[in-house]
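Fit chain F to the known structure of chain H by using the hints.
First to last, the sequence lines map onto chains H and F.
The first sequence begins at 1134 in this note's numbering and counts up one residue at a time.
The second sequence begins at 6 in this note's numbering and counts up one residue at a time.
Hints listed in this document are in silico derivations from the structure and should not be mistaken for laboratory results.
Even for Gly, the Cβ is constructed at its ideal location relative to N, Cα and C.
The hints are all genuine.
When the alpha-carbon atoms are kept at most 25 Å apart in a straight line, the in silico BS3-like pairs for lysine-lysine are as follows:
id, chain 1, residue 1, chain 2, residue 2
1, F, LYS120, H, LYS1381
2, F, LYS29, F, LYS9
3, F, LYS120, F, LYS8
4, F, LYS8, F, LYS24
5, H, LYS1381, F, LYS24
6, F, LYS120, F, LYS24
What the simulated footprint calls covered on chain H by chain F, stretch by stretch (three residues with Cβ under 8 Å from a Cβ of chain F suffice, anywhere in the stretch; the number is not a length):
id, region
7, 1289-1302
8, 1370-1384
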Amino acid sequence: MKKLGQEPGAYVQRVREGTQRYTQDLLSDNERLRVLVATLEAERTRLQDRARANEDLLRELDVLRGLAASLEREKVRIQEQLLAAHQELDGHRRERELLQHQLAEIERQSRSHSERYVQVEAQNSNLANLYVASYRLQGTLNRREVLEAIEEIVGNLIGCEELAIYEMDARGEALELVSSVGLDHAEHARVPLGVGRLGRAAVTGEPDVASGQDSERAAEARLSACIPLKLDGRVTGALALFRLLPQKPSFEAVDHELFELLATHAATALYCTALQARLSAQPA
Amino acid sequence: MNKKILLVDDSNTILLMEKMILGKESYTLVTASDGYQAIEQAIAQAPDAILLDVVMPGMDGFATCRELRRREETRNIPVIMVTTRGESDNVEHGFESGCNDYVTKPINGPELLAKLRNMLGETR
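Bound-form chain H, shown alone (with noise of 0.2 Å):
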């Protein structure tokens, strides 16, 4: 029994150390679970976070769903307005080669007036040529102003600065001089029928105007033209321009013709000057 009753004291002293063990495995197992919760809700609070966040990130996709069908809606609209601009361009260009088109015939149509306003000019500065001239030739019986009217006519509508003007001798065998410009009065007096290019034209009756270069037009290079003055076909007289002015280098169309017009009235104008002489020596 005293064994036993020493024994219980072990016995409980043991109890007391297995309890203790045992409340301080407790106590561990504790500690360790209180760890262990403190992680698993560290985690559970990650995971909320991160399920958070994936929320956010689902709603910003679902943002981003409906900005890119936003975009994509656009992207129909500009093109169909691109396609409408391509279209409505074409119609642009379509126009403007019409209006180019247009534009180039009006400045053809601009071109050809502009160069029929210029020959009409041409033709009205000629026409005023032949009249002023015809007139002069036909406004006096003064045999002095005829002579001064061809001059004029000769030195400033046909541009020469070298003339003589000749009559036919009263025998019809030689030119004879009777006024002249700028030459030598003596030197030019008499030209013989047939001699040289003014005494043949004067046989011919048919003006001789320089454009060979011939050694008789070589040797009377001087002498520009020849215009035999007529009157009923037959010769009276003639008219010899020699040198241009140096701004004409030759004679044109309207000299030509002003050549003509002299042939003939200046034949009259002189006959006339002639006839109102002789009128005029009458006793009245």
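Same frame as chain H, now just chain F:
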């Protein structure tokens, strides 16, 4: 109101020619046959332009032009010289005397009209 042009030349042929060329345009034409008459007419008529022959008895075209430029009432009137010879020294002489432009004889109608229109600021 029509523009007024003074034509100065001692040659009736040239005056008549210039009248023929310019007469179909809407210009009022006045004439003078020498330099002295030209200056009188320029003062009295105040033309918009003057066509001035170079070779004239008494006061020639150069002297007339210088006189026109000297006078207050005529110095700004444009002058086109009508010269018989178109050599450069003759033309230079014309510009020195104060002319604005020149044409040579025989007068080319379209050229004269073009220069005159240009001088008067007209377009065609």
